[in-house]
Amino acid sequence: MPLPMTEAPRTQPAPSQDADAELVRRAAAGEMQAFEALYRRHAGRVHGAVWRLSGMNEARAEELTQEAFIRAWQKLASFRFESAFSTWLHRLAVNVALMDLRARDPEDAVESDVLEAASEPVIPFCAGERADLEQAVAKLPPRARAVLVLHDVEGWKHEEIGRELGMAVGSSKAQLHRARGLLRTMLGEAS
Amino acid sequence: MTEFEIQRNLRAMNAPRMPGRDLWPAIAARIEAGESAPHATRRRWLPLAAAAGTVLAIAGSLLFVTLRDHTGGPIESDDYAMATQFQRITPQEARDEALRSGQDPRLAGANIVIDAAHSELQQALEQHPDAVFLVSLLNRTNAQRMKIEQLGAKAG
Chain A
-1 MPLPMTEAPR TQPAPSQDAD AELVRRAAAG EMQAFEALYR RHAGRVHGAV
49 WRLSGMNEAR AEELTQEAFI RAWQKLASFR FESAFSTWLH RLAVNVALMD
99 LRARDPEDAV ESDVLEAASE PVIPFCAGER ADLEQAVAKL PPRARAVLVL
149 HDVEGWKHEE IGRELGMAVG SSKAQLHRAR GLLRTMLGEA S
Chain B
838 MTEFEIQRNL RAMNAPRMPG RDLWPAIAAR IEAGESAPHA TRRRWLPLAA
888 AAGTVLAIAG SLLFVTLRDH TGGPIESDDY AMATQFQRIT PQEARDEALR
938 SGQDPRLAGA NIVIDAAHSE LQQALEQHPD AVFLVSLLNR TNAQRMKIEQ
988 LGAKAG
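As you go down the protein sequences, you meet chains A and B in turn. No gaps in the numbering here: position 130 of the first sequence is 128 in this note's numbering, and each next residue is one more. Every number in this note's numbering is 837 more than the matching position in the second sequence, counting from 1.
Calculated directly from the structure, the hints in this document are not laboratory data. Remember, predicted model here, so these are calculated numbers, not experimental data. Relax, there's no trap hidden among the hints.
The following residues of chain B were derived to be distant from chain A, with all beta-carbon distances above 12 Å:
no. : residue
1   : Ala953
2   : His955
3   : Gln960
4   : Arg982
5   : Met983
6   : Glu986
7   : Gln987
8   : Leu988
9   : Ala990
Not everything, but these chain B residues come out facing chain A in the computed CB check (under 7 Å):
no. : residue
10  : Asn846
11  : Leu847
12  : Asn851
13  : Arg854
14  : Met855
15  : Pro856
16  : Trp861
17  : Ile864
18  : Arg867
19  : Ile868
Think of the CB as a built atom: it goes at the ideal place given N, C-alpha and C, for glycine as much as any other residue.
Chain A with its partners taken away, still in its complex shape (with noise of 0.2 Å):
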């Protein structure tokens, strides 16, 4: 369901690792003053993520975000800072969202969302304006834009993409092919 879109995102500087590090064994501890100042320093990324890969579904977007700073609480002892610790929230928080796109859309119902994306009708765009390209993002079937998403917004390689999603390499290329084509169509460039 997407979102109005004369809405800008509100942002949030980005949290240096350093102060991370000390919040994060605070919070291992059992302090949950500290993994709610987490929760506060990262909610916006973890949110962001989350939301384009539910199709700018902000109820969902909600609950895939609770849902992962639940998990994260879960994991935090796990942590072994090895990587920053906002690398390893986004990470969680994408395998989050791509779970819940596993349990909602079967595999073989792709092929049949895909066509049946492809045959809507052209939505009206503005050229140039990145809320129509949000509102088409939002319009792809869910494992396509989950592959175009990974790819082109958030930098993921292929091969991640396909171990995450549980697909191949050549599936995942295809799937971005697609999504690519869907997205010119709706905005205007193949008509």
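With chain A's structure known, arrange chain B on it following the hints.
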């Protein structure tokens, strides 16, 4: 919008976005309700995963024994090493179970164990759906099930 503009705007979408409301009270409530604790739950899935792995190994063993009996010699398989370590169900036991259930006596025992492994893994995944290695084990059970089905088709 050109392809270049689409790509540029897609990259620009990678920005933080705060939720429309403060989610912390709900998160804190779930944590305080005992839904989770950093220390108490972090290794809860290990016994289930170990059990599932063992059952999967038994399934591999059964499949190995079945294939060996069927082809008259050892097979080349990724599961060979695992299979030779966990022969807890004998071919005779598998045949007896198959006869009782009316299935192909050469394959039914392996099917039963595969089903058990699948159930164990599903249960483990419900508790820890982000455990990627459990999905890998689940994929292996499915691969083994396919091997059994292919062997059954060949055997007629």
